[in-house]
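**Q** All chains should be modelled from the sequences, with the hints used to inform the complete structure.
Going line by line, the protein sequences match chains D and V.
The first sequence begins at 1 in the working numbering and counts up one residue at a time.
The second sequence begins at 1001 in the working numbering and counts up one residue at a time.
Treat the hints as calculated values from the structure; they're not laboratory data.
Treat the numbers as computed from the prediction; the structure is a model and nothing was measured.
By construction, the Cβ of each residue, glycine as well, lies at the ideal position given by its N, Cα and C atoms.
Don't take each hint at face value.
[Said to hold, decoys possible] Derived DEER-like restraints, expressed as beta-carbon distance ranges:
#, chain 1, residue 1, chain 2, residue 2, range
1, D, Y93, V, R1023, 24 to 32 Å
2, V, E1296, D, R174, 24 to 32 Å
3, V, E1019, D, R69, 15 to 23 Å
4, V, P1276, D, E194, 42 to 50 Å
5, V, A1206, D, E194, 57 to 65 Å
6, D, A184, V, P1276, 45 to 53 Å
7, D, A134, V, D1015, 24 to 32 Å
[Stated by the list, open to error] Here are some chain V residues the structure puts well away from chain D; computed CB gaps all over 12 Å:
#, residue
8, E1078
9, E1103
10, T1139
11, Q1170
12, S1171
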Amino acid sequence: VDTVALGMALPLPEDDRDVVARCLAGERAAERELFRREKVRVHATLYRILGTNKEIDDLVQETFLEVFRSLGSFRGEAKLATWIDRICVRVAYRSFGRKRPVLLDVTPEIGDDPETERRAQAREGVRRLYAILATMSPASRIAFALHAIDGRPIAEVASLLGTAVVTAKLRIWRARREITRRAAEDPVLAELLEEST
Amino acid sequence: VTRLRDKLPIEPLGDARWERIERAVLDRPAEEAPVVTARRRWPSIAIGFAAAAAVGLAIWFLLPRDRAVRAPLATSGERAQIEFDGAELTIHPESVVSFREHEVVLESGGVDCRVAPRQAPFRVVAGEVTVSVVGTRFTVERRGQVRVRVEEGKVSVARGEEETLLAAGQSWEEPGPPPDAAVVVVVAAPDAGPSADELAKAEARARAKLMREAEDLRPQKPEEAAERYRKLARGSDRIAARALYDLAYIELFRLRRPAEAVAASRQYERRFPRGPEAADALWVRFEAYLDLNQREAARAAATEYVERFPKGDKLERALVIANR
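**A** Rendered as structure tokens:
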């Protein structure tokens, strides 16, 4: 059981305390350290949610700007990484509300090589999956991406979205039901899901 | 559906994009500085922070940043060079200064100031003397009485009702201890012409500031960011190249204007063919052509990418388009 995701306070790791204190003291090196330490995870989380690197630069930037702007309000009640993840999710959520969805534009690669064909098929499946997610509400889309694609426990997803566990479960279930329904008519998507189950 | 994660390998962002993001985040404007709020937990950190503040303060000011500074600085045996509010300051040894908005308060000691031409006044307050400038180089000392020495440009020094105009090479000394309520103000004369070097530095600072503004506006106000990038792209320096690429990027991905993105990308190619963003500008172009449904042009641009940038981080994507 992920106690942090369930909202239970754990002792904060010493390196988290140290880097936060130094950032708050205005130490530029500490800000750089925090940025470089967290950037891969922030990018990965946003990538799982969006499914593409298009426009991701601005969201990564926005996430870190909010992290440094809000660092004074970080209470150490969750791990720093979890706190940053929440900001990440908020930024993604806001971005869905203000622009039309970006769809992956992947066309199967041409070639006789079975491996190339298999990869092309998988990429096309991923594209179709995100195209369906783009039609859903931001909350369902993010909940499904964090749980089913990024592999996070439902309790953590609920914590990141600021909802009850049952609400997160419901959103994931609805998203999955819709994807499964569409997969019944779409062999490429069905294959992606089948191999992943 | 439990192993979808493995089906979606994360495409790396590439060094150039990470560099831009890091710069935008770490060089954010002063108002983005973290705000320390009352802490319900972590009392030990608060105490540690307070204890470290005295030592850390000097380091803070020595760092090359352009932030509003609001805490005093004391030097011991050495000079300290800092940048404050767009001015370059050299704090003399054994000096104490504090900072307010557009103002340096000289409690004791001395300070050399190099202030580029500017709109907002910049002041040095030394006891009852206030020095206001709009672009010049001068020194203010406060060791008992206040002394002002002008090295470039002209300044006027006002103390109470008295006002004296100083030209480059002239100096002024406070006539005896100041009366309780007297104020001496030193203001740069309007015709204090800046040198070519000062103008160039001021221009560079203004462009860097405009670039920071554009990067700050990008997430929420892409149209306003684009306007700033267009202005910056008119130059011929490193910033112009970066601005042109950033313009192409947001025209395509934020403003949904692929034709404008193609134009910006082509301009980049013409003016900065070996620029650090050349590969990314070409990537934006073939993506823009796809958006315009110009498949042939997209394929040609993608092929060009494959040939010119075989180690580029968009190679895989370019290959897909080139092979269509």
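**Q** Taking the hints in turn, state whether each one holds.
**A** We went through each hint and held it up to the structure:
{"no.": "1", "hint": "Y93/D with R1023/V: 24 to 32 Å", "in the structure": "holds (26 Å)"}
{"no.": "2", "hint": "E1296/V with R174/D: 24 to 32 Å", "in the structure": "violated (42 Å)"}
{"no.": "3", "hint": "E1019/V with R69/D: 15 to 23 Å", "in the structure": "holds (21 Å)"}
{"no.": "4", "hint": "P1276/V with E194/D: 42 to 50 Å", "in the structure": "holds (44 Å)"}
{"no.": "5", "hint": "A1206/V with E194/D: 57 to 65 Å", "in the structure": "holds (59 Å)"}
{"no.": "6", "hint": "A184/D with P1276/V: 45 to 53 Å", "in the structure": "holds (49 Å)"}
{"no.": "7", "hint": "A134/D with D1015/V: 24 to 32 Å", "in the structure": "holds (29 Å)"}
{"no.": "8", "hint": "E1078", "in the structure": "holds (21 Å)"}
{"no.": "9", "hint": "E1103", "in the structure": "holds (20 Å)"}
{"no.": "10", "hint": "T1139", "in the structure": "holds (28 Å)"}
{"no.": "11", "hint": "Q1170", "in the structure": "holds (39 Å)"}
{"no.": "12", "hint": "S1171", "in the structure": "holds (36 Å)"}
The structure shown violates just one earlier hint, number 2.
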